[in-house]
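Take the sequences, apply the hints, and build the full model.
Number of protein chains: 2
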Amino acid sequence: MVYQLHYWPSIQGRGEFVRLALEAAGASYVDVARGDASNGQGLPALFHCLQDESVARPPFACPVLVDGKRMIGQTAAILLYLGPRLKLVATSEADRVWTHQIQLTIADAVDEAHNTHHPVGAGLYYEDQKREAARAAKEFRTQRIPKFLGWLETVLARNPKGDKHLVGARLSYADLSLFQLVAGLRYAFPKATQRVLMKTPLVLGLHERVSQHHRVAAYVRSERRIPFNEEGIFRHYAELDG
Amino acid sequence: MVYQLHYWPSIQGRGEFVRLALEAAGASYVDVARGDASNGQGLPALFHCLQDESVARPPFACPVLVDGKRMIGQTAAILLYLGPRLKLVATSEADRVWTHQIQLTIADAVDEAHNTHHPVGAGLYYEDQKREAARAAKEFRTQRIPKFLGWLETVLARNPKGDKHLVGARLSYADLSLFQLVAGLRYAFPKATQRVLMKTPLVLGLHERVSQHHRVAAYVRSERRIPFNEEGIFRHYAELDG
Numbered sequence: 001m002v003y004q005l006h007y008w009p010s011i012q013g014r015g016e017f018v019r020l021a022l023e024a025a026g027a028s029y030v031d032v033a034r035g036d037a038s039n040g041q042g043l044p045a046l047f048h049c050l051q052d053e054s055v056a057r058p059p060f061a062c063p064v065l066v067d068g069k070r071m072i073g074q075t076a077a078i079l080l081y082l083g084p085r086l087k088l089v090a091t092s093e094a095d096r097v098w099t100h101q102i103q104l105t106i107a108d109a110v111d112e113a114h115n116t117h118h119p120v121g122a123g124l125y126y127e128d129q130k131r132e133a134a135r136a137a138k139e140f141r142t143q144r145i146p147k148f149l150g151w152l153e154t155v156l157a158r159n160p161k162g163d164k165h166l167v168g169a170r171l172s173y174a175d176l177s178l179f180q181l182v183a184g185l186r187y188a189f190p191k192a193t194q195r196v197l198m199k200t201p202l203v204l205g206l207h208e209r210v211s212q213h214h215r216v217a218a219y220v221r222s223e224r225r226i227p228f229n230e231e232g233i234f235r236h237y238a239e240l241d242g
Numbered sequence: 001m002v003y004q005l006h007y008w009p010s011i012q013g014r015g016e017f018v019r020l021a022l023e024a025a026g027a028s029y030v031d032v033a034r035g036d037a038s039n040g041q042g043l044p045a046l047f048h049c050l051q052d053e054s055v056a057r058p059p060f061a062c063p064v065l066v067d068g069k070r071m072i073g074q075t076a077a078i079l080l081y082l083g084p085r086l087k088l089v090a091t092s093e094a095d096r097v098w099t100h101q102i103q104l105t106i107a108d109a110v111d112e113a114h115n116t117h118h119p120v121g122a123g124l125y126y127e128d129q130k131r132e133a134a135r136a137a138k139e140f141r142t143q144r145i146p147k148f149l150g151w152l153e154t155v156l157a158r159n160p161k162g163d164k165h166l167v168g169a170r171l172s173y174a175d176l177s178l179f180q181l182v183a184g185l186r187y188a189f190p191k192a193t194q195r196v197l198m199k200t201p202l203v204l205g206l207h208e209r210v211s212q213h214h215r216v217a218a219y220v221r222s223e224r225r226i227p228f229n230e231e232g233i234f235r236h237y238a239e240l241d242g
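Protein chains in written order, with the numbering used here: chain D, 1 to 242; chain F, 1 to 242.
Keep in mind that the hints are not guaranteed to be accurate.
Repeated chains share a single entry, so a pair holds when one copy, or any two copies, can fit it.
[As the list claims (entries may be wrong)] Lysine-lysine pairs mimicking DSS-like chemistry, simulated, CA-CA at most 27 Å apart:
| # | residue 1 | residue 2 |
| --- | --- | --- |
| 1 | 191 | 147 |
| 2 | 69 | 164 |
| 3 | 147 | 69 |
| 4 | 130 | 161 |
| 5 | 130 | 147 |
| 6 | 164 | 147 |
| 7 | 130 | 199 |
| 8 | 138 | 161 |
| 9 | 161 | 69 |
| 10 | 164 | 138 |
| 11 | 164 | 191 |
| 12 | 87 | 199 |
No lab work stands behind these hints, which were simulated from the structure alone.
Written out as structure tokens, the structure is:
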């Protein structure tokens with residue numbers, strides 16, 4: 001079965017957490033909105049997916065994963081669904097809930113990163129909320145990045161199976177999401193993030209090992225990986241770093 | 001087994017979504033931080049739970065559910081864990097993932113509601129970000145409340161098992177969370193929410209039916225239900241409604 005991923009075609013965004021899981025597992029998938037409209041793909045297909053009135057269980061927003069007749073929205077719910085299928089989560093219920101708990105905490109960090117450039121609301125441009133963004137970014141840089149990465153460092157340090165993975169001794173989707181969180185923070189807030197990473201060597205180490213995973217490395221080098229840019233969640237506005 | 005819930009003792013907050021599930025199911029639980037420190041409860045027990053260095057899988061923040069040796073953080077992960085145990089979710093994987101997807105979308109609405117009074121950051125007082133809050137609340141009132149409640153209305157309208165529940169034909173934790181979302185929005189933004197609810201009769205109907213559920217009704221009348229207040233997520237600042 002070929003999975004269909006529906007997500008904005010020009011940003012990594014929240015869809016990237018799904019892309020990374022599919023890529024790391026070597027799964028067959030179509031990144032629908034990046035395809036050609038003449039093949040029934042592209043943005044028209046994305047909008048159809050979001051607006052199709054015949055869908056009994058409509059998504060609120062993308063990313064959306066389509067697996068045959070199943071349609072699943074919400075990044076963390078998609079990973080909950082894909083984890084066992086892609087062998088990116090352990091088999092015990094305890095490990096699965098813990099992996100999900102980590103994913104949800106990373107998602108909170110991602111939400112807060114987005115909030116730094118859109119504190120007033122996602123419906124307004126950054127340029128219309130720069131003053132508010134400067135204040136929000138300072139709080140995020142000085143309080144929240146250290147807290148989130150510090151917590152992930154503790155999770156790695158306390159893992160009874162060793163500090164090479166967040167859960168157990170194998171790669172999980174939470175490890176992939178850590179990779180993406182660190183990559184995004186480094187892009188958006190290079191100075192602030194570097195200072196924190198010097199104090200969280202286990203987080204940095206896991207980020208680097210995931211970046212060297214053969215399928216992840218091939219993906220990141222490919223044109224399938226959309227570069228970070230100032231339309232996505234992690235945006236580099238020099239005035240917000242420090 | 002008696003569940004232990006660790007959450008701030010003076011607010012509903014995110015812990016309320018867990019309290020409602022436990023209450024609606026008639027589960028035995030201790031709301032630890034509201035107990036007496038001389039009995040090993042109260043805030044010292046909460047802080048111990050959050051800071052205990054012997055915990056291999058430490059929570060990032062509360063709410064935290066303790067079930068024997070298991071310790072689970074993140075509201076949605078707690079509900080994922082409790083759902084089957086409290087019979088507040090259907091048995092099929094498809095229904096479980098869908099229920100979780102709805103929960104995560106409600107959680108997004110809750111995050112955005114919190115953001116209206118703390119757009120710059122949770123570490124600063126409301127009084128220090130009132131100007132930013134006024135802008136954020138306008139966006140939330142006019143764009144986001146209609147979008148979230150409108151989506152829930154669509155979910156109810158399209159449920160093949162009828163429009164009385166979000167998933168299938170039985171009460172789930174997602175229904176309880178809808179109840180709490182509507183209660184919170186009505187408290188914080190009474191005028192704006194009332195305007196939207198006039199257009200989302202199925203959402204209003206489900207909210208009212210949950211409020212009449214015998215265990216939920218008894219809970220809401222009891223002193224176990226902490227009143228809404230201006231320390232929690234849903235805060236009534238008249239200047240932010242309109």
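Practice task
State whether the alpha carbon distance between residue 164 and residue 138 is at most 27 Å within one copy, between copies, both, or neither.
Solution key: neither (31 Å within a copy, 45 Å between copies)
Exercise for the section: Indicate which option fits the pair residue 130, residue 161 if close means a Cα-Cα distance not exceeding 27 Å: within, between, both or neither. Expected result: neither (45 Å within a copy, 47 Å between copies)
Problem - Status of residue 161 relative to residue 138 across identical chains (alpha carbons, at most 27 Å) - result: Answer is neither; intra-copy 36 Å and inter-copy 49 Å both fail.
Handout entry: Homo-oligomer pair classification [residue 191, residue 164; C-alpha up to 27 Å]
Key = Within. Shortest intra-copy distance 25 Å satisfies the 27 Å Cα cut-off; inter-copy 52 Å does not.
Practice task
Measure nothing new, just compare the shortest in-copy and cross-copy C-alpha distances for residue 161 and residue 69 to 27 Å and report within, between, both or neither.
Solution key: between (38 Å within a copy, 18 Å between copies)
Problem - Alpha-carbon proximity context of residue 191 and residue 147, limit 27 Å - result: Cα proximity of residue 191 and residue 147: one copy only (16 Å, versus 37 Å across).
Handout entry: Same-copy or cross-copy closeness of residue 87 to residue 199 [CA-CA at most 27 Å]
Key = Neither, since 31 Å and 44 Å both go past 27 Å.
Exercise for the section: Give the relationship of residue 147 and residue 69 under a CA distance limit of 27 Å: within one copy only, between copies only, both, or neither. Expected result: between (40 Å within a copy, 25 Å between copies)
Practice task
Indicate which option fits the pair residue 130, residue 199 if close means a Cα-Cα distance not exceeding 27 Å: within, between, both or neither.
Solution key: Classified as neither; 30 Å inside a copy, 35 Å across copies.
Practice task
Go through the copies and call it for residue 130 and residue 147: within, between, both or neither, with a Cα cutoff of 27 Å.
Solution key: both (24 Å within a copy, 25 Å between copies)
Practice task
First find the shortest C-alpha distance between residue 69 and residue 164 inside one copy, then the shortest across copies, and answer within, between, both or neither for a cut-off of 27 Å.
Solution key: between (37 Å within a copy, 24 Å between copies)
Practice task
Up to 27 Å between alpha-carbons, please classify residue 164 paired with residue 147: within, between, both or neither.
Solution key: within (20 Å within a copy, 42 Å between copies)
Violated hints for the displayed structure, listed by number in ascending order: 4, 7, 8, 10 and 12.
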